[in-house]
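Could you put the whole structure together from the sequences, leaning on the hints where they help?
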Amino acid sequence: GAGVSQSPSNKVTEKGKDVELRCDPISGHTALYWYRQSLGQGLEFLIYFQGNSAPDKSGLPSDRFSAERTGGSVSTLTIQRTQQEDSAVYLCASSLAPRGGTEAFFGQGTRLTVV
Amino acid sequence: SQKIEQNSEALNIQEGKTATLTCNYTNYSPAYLQWYRQDPGRGPVFLLLIRENEKEKRKERLKVTFDTTLKQSLFHITASQPADSATYLCALVRTGANNLFFGTGTRLTVIP
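If you're matching them up, the sequences are chains E and A in order.
To convert, note that position 44 of the first sequence is 44 in the working numbering; the numbers rise steadily by one, no gaps.
To convert, note that position 42 of the second sequence is 42 in the working numbering; the numbers rise steadily by one, no gaps.
Hints were generated in silico from the structure; no laboratory data involved.
Any given hint might turn out to be false.
[As the list claims (entries may be wrong)] Only some residues are given here: those of chain A computed to face chain E with a beta carbon under 8 Å:
1) Gly16
2) Gln34
3) Arg42
4) Asn98
All residues carry an ideal CB built from backbone N, CA and C; glycine is no exception.
Listed below in structure tokens is the structure:
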């Protein structure tokens, strides 16, 4: 596709369940970011992938959060044993250059609601 | 600790006036600074990028300045229109790093 695609667009899950969020970046983009945005808040950095380098996981809030990027393309963010405070919009972005010298393209986000 | 602060949560201005939004940072040495627009229910959209050795960048009605001494960027929208109403986010890339860190955003409302 022409842009960054995220699925599902909405996800409602019960507390304690695991969820997987998917991101399809723009073809050829080597950098991929995950962010979390709570209602009315800014973007909280979660994790960054760049090519074949080890990902920067410094923003992951707990060990319940993990992410992988297979084949340098699609990425999956997994949240285990979800809690109500995990409710937020999860945004994925990709960019062409590794060092922020070009724009990041964002997907529409996945709205996660933990009940 | 490192912070990126946008000075107003919300800013209301009259149509036709110039909107000025502020982004201040502490404990960063940014290589780049970017500005994004976010509409409700949508992901941010890139507007402008300015490098550490640039003082000013323009694009149509938009102007960004970058003062590394003051650790501040100003974002101006001239001849503002109601369609400019949105949340505007600044983002930094640190020198030698790869991550893009965002400020909390300023919600701009242009009143007709």
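Just to be careful: measuring from the Cβ of Gly16 of chain A to every Cβ in chain E, is the smallest value less than 8 Å? 28 Å, violated
Going by Cβ atoms only, is Gln34 of chain A closer than 8 Å to chain E? With a closest approach of 7 Å, the Gln34 of chain A hint holds.
Per-residue hint verdict: Asn98 of chain A, partner chain E, C-beta under 8 Å: For Asn98 of chain A, the interface hint holds, since the closest Cβ of chain E sits about 6 Å away, which is under 8 Å.
If you take the shortest Cβ to Cβ gap from Arg42 of chain A to chain E, is it below 8 Å? Interface hint status for Arg42 of chain A: holds (6 Å vs cutoff 8 Å).
When held up to the earlier numbered hints, the structure conflicts with hint 1 and nothing else.
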